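When you get a sec, could you build the whole thing from the sequences and use the hints?
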Amino acid sequence: MSAPSPVQRTALQLYRDCLRLVRHIAPGNSPKGIALRTTVKAEFGKHKGVKDEAQIEVLKAGAIRALSNYMLYESGAKDEKLGSAMNKFNESTRTGNNRNGDEKS
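Residues 3 to 107 (the working numbering) make up the sequence shown, in order.
Rather than coming from a laboratory, the hints here were simulated on the basis of the structure.
Source: prediction; values computed, not measured.
Treat the hints with care, as some may be off.
[Stated by the list, open to error] The calculated DSS-like cross-link candidates involving lysine-lysine, where the alpha carbons are at most 27 Å apart (straight line), are:
| no. | residue 1 | residue 2 |
| --- | --- | --- |
| 1 | LYS53 | LYS43 |
| 2 | LYS80 | LYS90 |
| 3 | LYS34 | LYS62 |
| 4 | LYS34 | LYS80 |
| 5 | LYS50 | LYS34 |
| 6 | LYS48 | LYS34 |
| 7 | LYS62 | LYS48 |
| 8 | LYS62 | LYS50 |
| 9 | LYS43 | LYS62 |
| 10 | LYS34 | LYS83 |
Rendered as structure tokens:
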């Protein structure tokens with residue numbers, strides 16, 4: 003059996019990192035942990051047949067972005083100042099204002 007290519011190894015490491023993060027966020031068999039594990043496995047399984055290295059890189063970037071966003075969301079829920087800033091930013095994007103409070107054109 004030949005060694006996996008660097009792209010495959012990195013995707014496998016990312017998959018394992020995702021599952022480790024789920025164990026950290028929602029330990030045990032809580033409903034949240036089960037849902038997160040199911041989502042990670044489904045997303046990786048959906049794309050397991052992809053062979054194009056460029057497409058794999060795009061998928062890996064998306065997974066990393068999703069993990070980062072989730073971690074930021076969880077941090078915002080725990081940190082009042084960060085949560086307030088996130089809510090303010092989200093509200094400004096929903097109402098069509100930019101960061102300076104000016105209307106978008």
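Here's how the hints hold up against the structure:
| no. | hint | result |
| --- | --- | --- |
| 1 | LYS53 with LYS43 | holds, 18 Å |
| 2 | LYS80 with LYS90 | holds, 16 Å |
| 3 | LYS34 with LYS62 | holds, 23 Å |
| 4 | LYS34 with LYS80 | holds, 17 Å |
| 5 | LYS50 with LYS34 | holds, 24 Å |
| 6 | LYS48 with LYS34 | holds, 21 Å |
| 7 | LYS62 with LYS48 | holds, 13 Å |
| 8 | LYS62 with LYS50 | holds, 12 Å |
| 9 | LYS43 with LYS62 | holds, 14 Å |
| 10 | LYS34 with LYS83 | holds, 25 Å |
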